[in-house]
Each structure stands twice: as C-alpha cells, then as structure tokens.
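Chemist: Based on these hints, arrange chain B on the given structure of chain A.
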Amino acid sequence: DQQVKQNSPSLSVQEGRISILNCDYTNSMFDYFLWYKKYPAEGPTFLISISSIKDKNEDGRFTVFLNKSAKHLSLHIVPSQPGDSAVYFCAASPILLNSGYSTLTFGKGTMLLVSP
Amino acid sequence: NAGVTQTPKFRILKIGQSMTLQCAQDMNHNYMYWYRQDPGMGLKLIYYSVGAGITDKGEVPNGYNVSRSTTEDFPLRLELAAPSQTSVYFCASSEDRGPGNEQFFGPGTRLTVL
Chain A
692 DQQVKQNSPS LSVQEGRISI LNCDYTNSMF DYFLWYKKYP AEGPTFLISI
742 SSIKDKNEDG RFTVFLNKSA KHLSLHIVPS QPGDSAVYFC AASPILLNSG
792 YSTLTFGKGT MLLVSP
Chain B
9 NAGVTQTPKF RILKIGQSMT LQCAQDMNHN YMYWYRQDPG MGLKLIYYSV
59 GAGITDKGEV PNGYNVSRST TEDFPLRLEL AAPSQTSVYF CASSEDRGPG
109 NEQFFGPGTR LTVL
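Protein chains in written order, with the working numbering: chain A, 692 to 807; chain B, 9 to 122.
Next up, chain A with everything else stripped away, as it sits in the complex (with noise of 0.2 Å):
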C-alpha cells in the first residue's frame, strides 16, 4: 500500500521550460512534505519542504504547492536547467506524537531529463 505516489515516472522538458514534478498522499496524518534531488551514484539531497499549515514554498527556481484537501503537491522548477536532470523522490512525515519519533515515506521518484 503506497502511501506516497509519484505517479509519473519520467519527465522530459526543454531548458527554460517550467518543470511541474507531481505527488499524492494517502495518509492523512502526514503533515509535513520534502523534496529530495538524486543524482547517479549518489545519495538523495535535500531540495525543498512545506508544512501542512502552508500552502506554498518557494526556495529561488523552485517552488513546493501543497493542495491538503486533494492530498496532492507539486514540485516547480522555473525556468528549467539541464543541471537539473535527477531524480526527484517526494517524501512526506506524520505528526509528531507524544516523544515519538516520525519518519519519512518515500515515493517511488520520478526522473526528470532537462534538454538544452
């Protein structure tokens, strides 16, 4: 049961396009949602995240849209760069409770090619 999708496999965009990367959620619990950049041989990086109090994050050429009562968000990179072509996982994590501790679930990624 995937609590996170990523519906999309792969994206191809032109250099300078916007690049509109999606994600639904299932769990209601979660509340706060981060995006991880993966390169070839490497680990996942930190890109950009949103609590469930906002709606919007911007961070420079990227911009996270979080809609809660369709348990979707999106990822936007404006304008796209050829640097850009990764992996992208979206991950969410539920409330804390009590001194518990939360983790992350992990879509299954979607590979964005950027073309000059």
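No lab work stands behind these hints: they were computed from the structure.
Only a predicted model underlies this, so the values are computations on that prediction, with no experimental measurement involved.
Virtual Cβ for every residue (Gly too), placed ideally from N, Cα, C.
Computed list of lysine-lysine pairs in DSBU-like fashion (alpha-carbon distance at most 30 Å, straight line): (1) B:Lys22 <-> B:Lys65; (2) B:Lys17 <-> A:Lys696; (3) B:Lys52 <-> A:Lys762; (4) A:Lys799 <-> B:Lys17; (5) B:Lys52 <-> A:Lys799; (6) A:Lys799 <-> B:Lys65; (7) B:Lys52 <-> A:Lys745; (8) B:Lys65 <-> A:Lys762; (9) A:Lys747 <-> A:Lys799; (10) B:Lys52 <-> A:Lys696; (11) A:Lys799 <-> B:Lys22; (12) A:Lys747 <-> A:Lys762; (13) B:Lys65 <-> A:Lys696; (14) A:Lys762 <-> A:Lys745; (15) A:Lys762 <-> A:Lys799; (16) A:Lys759 <-> B:Lys52; (17) B:Lys52 <-> A:Lys747.
Stretches of chain B that chain A covers, calculated by requiring three or more beta carbons in the stretch to come under 8 Å of a beta carbon on chain A: (18) 51 to 65; (19) 110 to 122.
Modeler: Frame of chain A; chain B shown alone:
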C-alpha cells in the same frame, strides 16, 4: 566536513554470506538511518537510531541487524545474505527528530547477492 560516508561502494555476496555495511557521519547528528532502494522503487527504512545505544526497526528490518555504539557510526549487518537483499543501501543522518528534519544521505552501497 565529509558528511555521511559509506563503505564499501560496491559488493557482491554469495547466498548465505554475511557482511557489514559501514556508515559514519561527522556532523554530530544524533539521528541515523538505513534505507534500501530497490530498482524503480522509493527508499524504504530498514532501521534507525535516535542516539548511541538506541535503535529501532523501520519498515523492512527482516534479515538485518544494527548497532550504535558511538554517535558517529551506524553499521548495518547482513547475517545470511539472500537474493532479495540485492539493493542499493543508503545511510542518512539528521540533527533533529521532528517532522521535516532534513536528512543528509551518504553516497550508497550497491549490493548484489548471487
């Protein structure tokens, strides 16, 4: 700062062999994690640790063991390797435990069990 380091980078094991995947971090993070990534899949949490001497199971712990004797090191042990353990293994660490804590990942160990 080297960040999170993992050794070895690659390893081929025969069924039934054992090995230890090493992970070390120099950021003085209390929280450390082991994930596995199967082809075309997301990362799945194997074990995690909230500090030296404290470990707990993640989503897919069967076939693995961990220990955390120091803040810096978090080795992952495979006792009886099986083909189902063929995967890429990532170690990660974070400063905090709360939601959204940024996890820093190592470069991974690619393990093949034949």
